[in-house]
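A.B. asks: Respectively, the protein sequence lines represent chains E and C. If you read the first sequence in the numbering used here, its first letter stands for residue 1, the second for the next number, and so on. If you read the second sequence in the numbering used here, its first letter stands for residue 1001, the second for the next number, and so on.
No wet-lab data here; the hints were simulated from the structure. Mixed in with the good hints there might be a few duds.
[Claimed, not checked] What follows is a set of in silico ranges between Cβ atoms, one per label pair, in the way DEER data are often shown:
| no. | chain 1 | residue 1 | chain 2 | residue 2 | range |
| --- | --- | --- | --- | --- | --- |
| 1 | E | 145 | C | 1036 | 37 to 45 Å |
| 2 | C | 1332 | E | 37 | 31 to 39 Å |
| 3 | E | 266 | C | 1074 | 28 to 36 Å |
| 4 | C | 1048 | E | 266 | 29 to 37 Å |
| 5 | C | 1255 | E | 336 | 26 to 34 Å |
[Claimed, not checked] Covered, in the sense of this in silico footprint (three residues per stretch, anywhere, with C-beta under 8 Å from a C-beta of chain E), are these stretches of chain C:
| no. | region |
| --- | --- |
| 6 | 1004 to 1012 |
| 7 | 1104 to 1114 |
Since this is a predicted model, take the numbers as computed values, not measurements. Ideal Cβ placement from N, Cα and C applies to all residues, glycine included.
As a plain string of letters, each chain reads:
2 protein chains.
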Amino acid sequence: MTPEATLARFREYMVGPTRFMTLLSCFELGIVDALRDRPGMTAAELGDAVGVKPDAVEQLLFLLVKEGFVGYEDGRGYSLDALGGVPERDLKRALAYMNMIKVVALRQLFNLTESARTGTLVGLKELYGAEGTLYDVVAEHRDLREAWAKLMDTVTANIDPWFFGNIDMPSGAQVLDLAGNTGLGAVHTYQMKHVPGMRVTTFDLPEKETECLENFRAHGVAEHCSFIGGNVFDGIPEGFDVVLIKHFLDMFDRDAVIQILNGVHKSLPVGGQVNILVPVYPEDVTETDNHNVDFFPAFFIGCTMGQGGPQKLSTYRNWLEECGFEVTRTVTKDPAELPQDVIPVPAILSATKTA
Amino acid sequence: MTPEATLARFREYMVGPTRFMTLLSCFELGIVDALRDRPGMTAAELGDAVGVKPDAVEQLLFLLVKEGFVGYEDGRGYSLDALGGVPERDLKRALAYMNMIKVVALRQLFNLTESARTGTLVGLKELYGAEGTLYDVVAEHRDLREAWAKLMDTVTANIDPWFFGNIDMPSGAQVLDLAGNTGLGAVHTYQMKHVPGMRVTTFDLPEKETECLENFRAHGVAEHCSFIGGNVFDGIPEGFDVVLIKHFLDMFDRDAVIQILNGVHKSLPVGGQVNILVPVYPEDVTETDNHNVDFFPAFFIGCTMGQGGPQKLSTYRNWLEECGFEVTRTVTKDPAELPQDVIPVPAILSATKTA
């Protein structure tokens, strides 16, 4: 890579924040919807329609025209170009993710350096006066909670069918959904992976219990699902033979992951299974179709946890073996099978306690 | 452009903010300097050297390895790859720009939508409690001032020789540097474009006078340069035959630009000249080697002015003609001649008052 190419790549990085917000603002301002309803509007007409000075409309749309998202012709105004061909469901998914990035990450990233130095969320504290992780803070801050929850529900709905299609569930399985939040994972387990005699228990902080039990009732699975309150790092309940760990290990540094896996190992009988769903970096990190490294390190360290980030599949495999598990199956999602706007490339690791 | 390609492009936008801060943080944390001093360090050794947990060092470096900026080999640690070949002077320039974007724009962009709706800097107000534009606020906020001033000095030093090499200066010229700030433009005018009998006057807000006159003395041009205090929108001083407008017109919407140009027209004698230096959008906005539209609309509307943004050269030409000028010469910088990290692609418009 020449110095010139390196500097050109720096410039791509430099325009990253402005590009991101220019695109998102054109949606937030209603400009895209207005053009969908009535193609051919001028900047003046668009400005009237969305309540923004035409000069600003024209400025923000320059980028969308450059990208071919929106078209412009002298005398014929603006119209949706490539954006007009994207199904609404896809746009909604992408916009939920963009909104999450804006609310949970954009401003917080300013303090990434100090967050990396201290292992704390300096940006979150400066903006919200809050100590702790994003997950501690969402309860009290609706903007963070809504941006986050909307995204996680979308992610879970899209990825759980793939997860449950790729794990084995023995008859009579007693399943523990580790850090199962308010029960959606348990509901999906019952709905997507039902076997005779199965019981699913959500394990998470005690304050999640009420909402979790309500969710079980609302989904008609209250007879088959239950809740145990506790903290993963203080000990994991025994009496289960299948443990699910979804969207969780990537939140922690190595020491904490090892602690969690040791805890799971201790809680399981020999022959018990653990099934892990986690985004992974490609073994060759220079693969360009995997965007996990472009996003997650800064996101976890600077915006949500003050630590953590995904690993390569081989790293998780090594850690599982180090903790007394035999890895029986791994599946990495082919990035080409994911919608092209989706960042996380997930993998599944299934492992058995050997001794 | 297919829906798939459009969504893939959205993903490039989504990772823009995290990519930007991950790269900048690796410099801020001292990781790049540490690797320059001692190639081959492991994450643990780097962590020790810069005071950051090795897990975080490893996470942040994944992206730099993906990009080929930094190399990594098992057992041989990290070393500078492409970054090792970039001259220090180029890196410093790029980092000054990145720091400016971080301090002046990154967090402020969160409020771009509201800034576009209101024409005010909502983000600047929320972060600093300050009303007004960035230029009103820098005096009181050192972080903003330093990030901004460092960048503008670099930009001015790089671009002024090109500007003065491309304008004519008649013997005995009485030059007014409009919105000339604290006099650097006037100093450059005298140093780079000296003609017999020339006099250069900086015109800007009265509070700039002291620092401006100090600058004239420090540069040994106090005999040939002077200062007039005032506001461009309240009337432009007469008695000059050359007006320079550098880095200024792009800060305003059309109405204000027309007001400025009408004011300059009124102040000049017939035959008087105006020379404008301003970033421009390409006539075909889809040209990919011009990054002005990727940056300036959001930057001006959301972070510095609440309005403004560059225009196409043809637009500035039309506005000049509308205000009674004949455009005598235009030059647009060839983007290929700029260092590859530099965002602004500038142009010069020279025009004469015809009647």
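A.B. asks: Would you mind marking each hint as holding or not holding in the structure?
C.D. replies: These are the hints, each one checked on the structure:
no.: 1; hint: E/145 - C/1036: 37 to 45 Å; verdict: holds, 43 Å
no.: 2; hint: C/1332 - E/37: 31 to 39 Å; verdict: holds, 37 Å
no.: 3; hint: E/266 - C/1074: 28 to 36 Å; verdict: holds, 32 Å
no.: 4; hint: C/1048 - E/266: 29 to 37 Å; verdict: holds, 32 Å
no.: 5; hint: C/1255 - E/336: 26 to 34 Å; verdict: violated, 50 Å
no.: 6; hint: 1004 to 1012; verdict: holds (count 8)
no.: 7; hint: 1104 to 1114; verdict: holds (count 7)
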